[in-house]
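A.B. asks: Protein chains in written order, with our numbering: chain A, 1 to 370; chain B, 1 to 295.
Mixed in with the good hints, there may be bad ones.
Heads up, simulated DSS-like pairs for lysine-lysine below, C-alpha to C-alpha not over 30 Å straight-line [stated by the list, open to error]:
{"id": "1", "chain 1": "A", "residue 1": "4", "chain 2": "A", "residue 2": "14"}
{"id": "2", "chain 1": "B", "residue 1": "212", "chain 2": "B", "residue 2": "198"}
{"id": "3", "chain 1": "A", "residue 1": "54", "chain 2": "B", "residue 2": "168"}
{"id": "4", "chain 1": "A", "residue 1": "14", "chain 2": "B", "residue 2": "212"}
{"id": "5", "chain 1": "A", "residue 1": "266", "chain 2": "B", "residue 2": "175"}
{"id": "6", "chain 1": "A", "residue 1": "14", "chain 2": "B", "residue 2": "130"}
One-sided excerpt, in silico: chain B residues whose CB lies under 10 Å from chain A [stated by the list, open to error]:
{"id": "7", "residue": "12"}
{"id": "8", "residue": "14"}
{"id": "9", "residue": "97"}
{"id": "10", "residue": "132"}
{"id": "11", "residue": "153"}
{"id": "12", "residue": "159"}
{"id": "13", "residue": "186"}
{"id": "14", "residue": "188"}
{"id": "15", "residue": "244"}
{"id": "16", "residue": "247"}
{"id": "17", "residue": "256"}
Treat the hints as calculated values from the structure; they're not laboratory data. Think of the CB as a built atom: it goes at the ideal place given N, C-alpha and C, for glycine as much as any other residue.
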Amino acid sequence: MSRKTKIAVVGLGKMGLSHFSIVNAHPDVDCVACDATGFLIDVLGKNLPNTLYKSYDKMLAEETLDAVVIATPSRHHASMVRAALERGIHVFCEKPFCLDWREGDALASLAEEKGLIGQVGYHYRYVGAFKEMQKVLASGALGDIHHILAEAYGPVVLRPKRQTWRTQKAEGGGCLYDYAAHPLNLLNWVFGTPERVSGSHLNSIFSAGTDDEVLSTLKFPGGQLAQLSVNWSDESHRKMSTKISLIGTNGRMNVDRQECQIYLRKASDALPDYGAGWSVRYTTDLTEDPWFYLRGEEYSAQIADFVEAVAAGETRARENDFRSAAMTDQTIAMIVDDAGNPGTASVTPAPAVVAGKTEGGRGWRSLFGR
Amino acid sequence: MDRLLFGDNQFFGINHMSEEKARAQAMRFQSTDAIMAVLDAAYDAGIRTFMCTTHDRISEICEIVRNNPDRYPDFVFYPCMPYAHKYANAVTDLGMLGAITNFMPEDGFLRTALSGGKALAGRDIEGIAKVLIDAEMKMFRGLNTPVVFMQNVFTDLLLGMGYTRALKVFHDHVKEKYGAEPAFITMNMPMLFEALTKEGIENPIICSNINKIGFRMSGGHERYLETLRTGKLRAIAMSVYASGAIPPEEAIEWISELPNVQSIVFGASSRGNIVNTRDLVEKYMGAVGTSQAAQ
């Protein structure tokens with residue numbers, strides 16, 4: 001019998017604990033873990049047989065690892081990923097990959113040079129409905145796509161709250177990095193890196209240190225135009241809801257986590273399963289059950305791909321490789337730049353004059369502002 | 001346990017097929033009266049057990065049932081805890097330790113211990129777990145709660161981590177303090193059954209997806225059926241219609257032929273769907289309630 005793949009899960013926050021549970025449940029994996037804060041390691045150390053570390057460096061020095069799964073705050077990613085790659089260890093890293101996309105690109109080159117798998121946790125690419133979106137777009141059945149709306153909403157920041165790394169822009173917190181990264185990554189998947197980003201706004205609603213909503217317009221090399229609309233202070237959604245709507249010359253597609261709705265003006269030989277008019281595919285039909293389920297099949301599916309690729313001695317990630325994650329980091333950087341340098345086509349609003357009143361009456365700000 | 005249990009997903013905007021449908025349901029059930037009207041229809045159709053999360057809204061339902069013993073003499077609650085979103089949000093807001101402290105009683109020893117030092121808290125994680133269970137059970141005081149569930153997100157997180165000792169802590173506390181049957185919801189039934197057996201928990205009550213097409217039966221359809229055939233457990237089947245992918249009669253008939261499936265839990269928003277499910281269960285599995293109340 002071949003030896004089990006040895007994987008360390010690094011960082012046991014909300015996402016890290018889920019990863020630890022999923023990796024540890026994999027029948028072909030021997031799992032260790034590492035977290036810098038003492039409390040969880042103390043509790044788990046008393047109750048689990050796994051070897052647990054408080055120091056990443058000590059763990060790398062003492063363990064013979066095949067791979068690491070890194071789920072620490074984003075600003076730690078680059079140095080931790082580099083340390084692992086330099087030791088010849090495969091890496092799965094949580095998103096967003098690196099706060100400086102050039103660093104992500106350099107890590108992609110390092111992984112490629114060393115023949116190591118570098119994968120990033122953009123799990124939406126493993127959601128059945130979004131996989132179907134990719135397949136449909138690749139078929140060309142929708143004609144030329146010209147109009148895209150990419151949205152994500154959810155209830156993360158609903159009041160002014162305690163400062164954590166998630167609320168610090170410098171640490172990779174904020175709605176752009178945390179939420180918008182997902183729809184952007186889906187757009188990069190099918191349309192590449194945008195050639196131009198304009199009209200970007202990063203607004204704070206409740207957060208002091210970072211953004212709670214993002215609006216932007218992206219133009220892709222193929223001519224497609226996408227509007228990005230993301231807000232993580234939207235309590236009307238029970239949890240994060242991501243939706244991509246696309247209009248092409250032969251129809252329209254609306255995709256979210258649950259379903260893929262497609263309208264074709266004319267049936268297409270390239271997409272024989274869909275006829276003219278509306279068709280709906282549910283994610284329940286489009287997804288295979290994994291060996292273990294926690295919070296959604298897509299989380300297990302991405303880990304399964306990573307584990308299997310490591311065990312099989314592969315040298316490239318099957319999906320979400322470092323290079324593609326760096327592309328998303330670059331897109332994020334373009335939005336940050338654009339938001340900081342607003343375009344010239346703006347006018348300074350004159351004092352509002354409504355029925356003879358000036359400022360202080362029901363002017364534009366009090367009607368539409370916050 | 002009754003043959004047919006009524007679930008609460010539909011009241012809280014949870015729908016595995018469509019976000020639009022989920023939103024429409026969330027709008028419809030914004031008022032507790034609307035939820036109560038559906039529960040009344042289920043109760044009057046002979047379905048006496050309400051399997052529910054420990055969502056804040058449920059405490060309002062508890063209050064109504066508590067205040068109307070004549071209307072609901074046989075109403076049974078099966079609480080499912082913890083309400084994961086509540087804790088997940090607290091962890092985001094306050095951090096792991098802060099979240100736990102937040103849910104501790106104001107004046108308790110454990111709160112003092114937690115704020116006093118991490119090491120001490122680390123040693124009494126069992127005590128913390130028991131206090132959290134008690135906090136979740138508060139809304140059900142004075143009501144009939146013969147079975148208490150651990151929610152699947154929590155069960156499966158612990159299961160994957162291999163922290164199965166915590167499942168045993170939950171099991172023992174529910175039994176000892178509430179004289180109730182501990183039970184577990186999971187998306188990984190065969191794996192959970194093995195883990196519970198290793199912890200010495202015999203003939204466990206396990207609620208999991210069981211349906212003809214194998215939708216969300218992780219570990220494989222065949223392994224589920226094998227566990228049902230060979231294991232000693234009291235299974236509750238959920239998602240029997242696989243979110244509408246299986247015609248109701250075909251779904252229930254298939255379930256009725258499986259060994260060790262004692263109950264079905266289902267959600268519905270209309271009297272018609274409630275009565276249809278009840279009639280199908282009666283046709284293939286016998287009376288929906290264990291009490292004579294079923295009509």
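A.B. asks: Look at each hint and say if it fits the structure.
C.D. replies: Going down the list of hints, with the structure as the test:
As the CA atoms of residue 4 of chain A and residue 14 of chain A are separated by approximately 26 Å, the hinted pair is consistent with the 30 Å bound. At roughly 29 Å between alpha-carbon atoms, residue 212 of chain B and residue 198 of chain B fall within 30 Å of each other, so this suggested pair holds. Between residue 54 of chain A and residue 168 of chain B the alpha-carbon distance is near 27 Å, which keeps this suggested pair within the 30 Å criterion. With a C-alpha separation of about 34 Å, the suggested pairing of residue 14 of chain A with residue 212 of chain B is violated against the 30 Å cut-off.
Straight-line distance between C-alpha atoms of residue 266 of chain A and residue 175 of chain B comes to about 62 Å, which puts the hinted pair past the 30 Å bound. Distance check on the hinted pair: residue 14 of chain A and residue 130 of chain B sit about 22 Å apart at the alpha-carbon level, within 30 Å; holds. Interface restraint check: residue 12 of chain B against chain A, minimum CB-CB distance 7 Å, threshold 10 Å, status holds. The interface hint given for residue 14 of chain B holds, since its Cβ lies 7 Å from the closest Cβ of chain A, which is under the 10 Å cut-off.
Hint on residue 97 of chain B holds. Least Cβ distance to chain A is approximately 5 Å, under the 10 Å limit. A distance limit of 10 Å between C-beta atoms decides the matter here; for residue 132 of chain B the minimum to chain A is near 14 Å, and the interface restraint is violated. The closest approach between the C-beta of residue 153 of chain B and any C-beta of chain A is roughly 6 Å, which is under the 10 Å cut-off, so the hint is satisfied. Against a cut-off of 10 Å between C-beta atoms, the interface hint on residue 159 of chain B holds, since the closest Cβ of chain A lies about 7 Å away.
Hint status for residue 186 of chain B: holds, given a least beta-carbon distance of 9 Å to chain A, under 10 Å. Hint status for residue 188 of chain B: holds, given a least beta-carbon distance of 6 Å to chain A, under 10 Å. Hint status for residue 244 of chain B: holds, given a least beta-carbon distance of 9 Å to chain A, under 10 Å. With 10 Å as the threshold, the beta carbon of residue 247 of chain B stays out of range of chain A, its nearest partner Cβ sitting at about 15 Å, so the hint is violated.
The beta carbon of residue 256 of chain B is not positioned within 10 Å of any beta carbon in chain A (closest approach about 23 Å), and the interface hint is therefore violated.
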